[in-house]
Structures are given as C-alpha cells and as structure tokens.
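**Q** Sequence:
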Amino acid sequence: MGEEVNMEREFSKYLDRMLAGEEVKVGAEVEPDFGTVLDFAQKMAQLRAVPSPSFKAQLKERLLRQLSEGAAEVGEKRNWFWEDLRRLVPRSAAWRAAVTSAVVIVLAIVGVVWYMGGFAQAPPPMPAPVPRPAPAPAPAPAPAPAPTPTPAPGPPPRLVELSASPARTVYLPGEEVEIDFRFTNVASEAVVVSPYPPRIRILMPSLPGPYEEDIVRSFPPGAEELKLEPGESASYTFIWDQRDEGGQQVNPGWYEVEVKHTVRKAAEAEEGYSITGTEARILIQYPQGAMEKTIEVNQSQTATGLPFTWKREELAIDVTITLERVELSVEGVRFRALVTSPSYTLPQGPLLPPPQWMLAAYAHYTVDGVTKDAGVAGMRPLEDGLQLRWGYAPARLDPVPGDARKLTFTITRLGDWEGLWEFQVPLE
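FYI, in numbering that gives the first Met the number 0 the residues of the sequence shown are 0 to 427.
Honestly, the hints are just simulated from the structure, not real lab data.
Check the hints yourself; a few may be wrong.
[To be verified] Per label pair, the in silico range of CB-to-CB distance:
| # | residue 1 | residue 2 | range |
| --- | --- | --- | --- |
| 1 | Ser273 | Ser164 | 20 to 26 Å |
| 2 | Gly377 | Leu419 | 54 to 60 Å |
| 3 | Glu313 | Asp240 | 55 to 61 Å |
| 4 | Ser299 | Thr236 | 50 to 56 Å |
| 5 | Glu269 | Leu381 | 53 to 59 Å |
| 6 | Pro306 | Gly377 | 24 to 30 Å |
| 7 | Leu314 | Leu381 | 21 to 27 Å |
| 8 | Ser162 | Ser273 | 15 to 21 Å |
[To be verified] Restricting the straight-line Cα-Cα distance to at most 30 Å, the calculated cross-link-like pairs of lysine-lysine (DSSO-like) are:
| # | residue 1 | residue 2 |
| --- | --- | --- |
| 9 | Lys264 | Lys226 |
| 10 | Lys292 | Lys226 |
| 11 | Lys259 | Lys371 |
| 12 | Lys259 | Lys292 |
| 13 | Lys264 | Lys292 |
| 14 | Lys259 | Lys405 |
Predicted, not measured: the structure shown is a model, and the values here were computed from it.
Every residue, glycine too, gets a C-beta built ideally from N, C-alpha and C.
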C-alpha cells in the first residue's frame, strides 16, 4: 500500500510539471505503465490550450482524491462520464493513475469544465486580417473667409418728434384751415431745428401708381432757427385760406400738407439731417354735402383675344371685368371690381395673385363731366377671380357731391392691356 502511495506521489509531481508547461523526461524508476501514460500525456499536452490556474488546481485535486479513495462518486455533480470511467479503470493503482493523468490532459486540452459536467465553447477563430485602409488625402485648406462687407449706414438717430394737430379734418369751402405743428426734443442734448418756421406745401393727394407732384400752394420757410433743450417743445400754428398759387379757391376734395425741416445737435454746427413728409390730410367738402349710399352695380365688360403668356406659350384669352359695387360716403368714393378669365387660377399658399396675374389696374372716375384719377387698384385673389379695389384707406378718393347726376367709372389699363372697360353707375 505504501508503494502505491509513493507511486501516486511521484505521478502527481510529474503531472504538476506537465500542467505547468514543462517538458518532462520520465525516469527509469517510474513503472512502465506510468511511463507509457506520461509519454502519451506529454504528447497530448503539446496540443492543449493552457488552462487557468484555478481550473488546474481544482481538476488535479478532484482527480487525485478520486484516485486515492477509489470511489466513483463526486458528490452532487457526478454524471454519466464518471460512471463509465469507473467501470473502465482497473483496480491497479498504476492504471488508475495512468488513466487519471490521461483524463487530466484531455480535459485540459478540450477545456472541459469538469465541475459543471459539460463542455465549454471553443474559442472563436481568429479574424482574418483586415487590410489597412489607404491614408485619407489631406483635406484641402479651407478658403479664407470673405471679408465682412461694411454695413450700410443706418438712419440717423431721431432727435426731434414732429406732430400735426388740425383743428378739423373736414372743412367747407372758404374756411381757414388751421394746423398746430409741435416740435419736441427727444434727444439727450440740445438740438436745433432749421429753418423755422419750416417749409410747408399743400399738395394734391398722392395715389398708388406713378406719381407726379402736383403743388397747390407753397409757403416759403422762415429765416430763424429753433433751439430746444432735452424734453422741450415748441409749437407753430399754420393757417391756409384754401387758395392756390393763383389766389383761387381750390376745388373740394382731399389735400395733403407736407413739411420739410432740418435737425442737428446744437454742439455740431454743420452736422444734421433733413426730413420731408406728409404730416396732415385735409378734406374740403362740397357745400351741398357728399352723396352717401352703396350701389350694387354688377355690370360686366369683356375683352376678347388679349395676348397672354403662359409657361412661355403665347395665347389669346378673354378677360371679363365686373364692376360689383360702388360705395359713396362723406370721406370719399370706393370701387370694387372682379377680373375673371378661363386662364385664371387661385394661387396655392399665401394669398398673392398668380405671377401671370400681377397686373396693375389703372382707372379714373368722372362725375358730371369732371374726371379724377383713381390711381392703381389694390388686388385680392379669390377663388372665382381677382378682386380689384380703389379708394380704400389710406389712398382715399374724393367724395361725390350730393346732387351729382352721372358717375362713370373707367378702367384704362390692366397690365399691358390697354382698353376702356367703362361702366355707367346709376346714382338715382
């Protein structure tokens, strides 16, 4: 029995050296059975994957305990492998050790997790070498940023606020028109207004479309300057007797009052800016008053064979204009018409006329033989056509006298189409 124990001890030493990766030369003192098994185990060990230290220690301890005890059980984790091994291993200690060593080496090679009673997954194959990508070309240098353009000079700071307060906005012929102009310094330092009084002109109202300045009366500026401290105000009262440059009474209708002056800081002798703008609108009413009513006209005029370009194709189309309504009030007259055509389509998206229907519509109206300009119409696209509107604020038209007998409205041009779409408006 002692000899078997010594033999097991020697076998254990050889086994430790082999599991540690050392090449073992079996001596003559080892029994032939042990030597044969160890030689076989050493050849197998050359093929094994290196087990972890913990695996080797546990495996060796368990196998040697099985060998020494001669038992076939390993506790709760025993499986069919050990049952078969028990029947195959001879009773001889040498053969038990030999077979045990073979099991140790084989388990180490295949990586059996002996304690778990199953096989571990083989390590994944080494991936094929990936060719190194060609070096990316160096990025082109970023272009130098364009120089920042010099911003356009903004409007000068507001130094003076000018307000106009007419005594009334509607006057009968011959009444004096009175307007109070107030200059207020809104700067943080003293300012100078010049000339004072400012230049004032009475103009015929400007209407949409080409505008030719029509001066009714001009009042020359004064020869003084007005100095204002911060927050200080000064007033100038303007009086117009409703006479034109020739000394004649002006006709009833709308008139604009234009003011021009220059403002500068008091500490700067020459620097400053000039301001010109309409500050008030005055209506000279008819002595007999203005006509007040709304007339549903609904008269249509059609022009045929009008040249029309659509998607670079030259066409000939018909265009119908319907004068729908005329509104008469003390503030003025308004006209509303509708343009229809087989070629008209309502735009998609924002309410803007289709590009081919961006047409300037010029018109005038005649009251008892006196013709007045109506300017250019405002446009509003609708599903059934293009709506045209004249006389809506702020471009007011003169009112129609209360005793008028005949009113004619004429559209003189629609885009490039010259024509006379003429409508007789019944006043009675």
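**Q** So, for every hint listed, does it hold in this structure?
**A** Hints, verified against the model:
no.	hint	verdict
1	Ser273 to Ser164: 20 to 26 Å	holds (23 Å)
2	Gly377 to Leu419: 54 to 60 Å	violated (21 Å)
3	Glu313 to Asp240: 55 to 61 Å	holds (58 Å)
4	Ser299 to Thr236: 50 to 56 Å	holds (52 Å)
5	Glu269 to Leu381: 53 to 59 Å	holds (56 Å)
6	Pro306 to Gly377: 24 to 30 Å	holds (25 Å)
7	Leu314 to Leu381: 21 to 27 Å	holds (22 Å)
8	Ser162 to Ser273: 15 to 21 Å	holds (18 Å)
9	Lys264 to Lys226	holds (9 Å)
10	Lys292 to Lys226	violated (51 Å)
11	Lys259 to Lys371	holds (28 Å)
12	Lys259 to Lys292	violated (39 Å)
13	Lys264 to Lys292	violated (53 Å)
14	Lys259 to Lys405	violated (40 Å)
Consistency note: the structure conflicts with the earlier hints numbered 2, 10, 12, 13 and 14.
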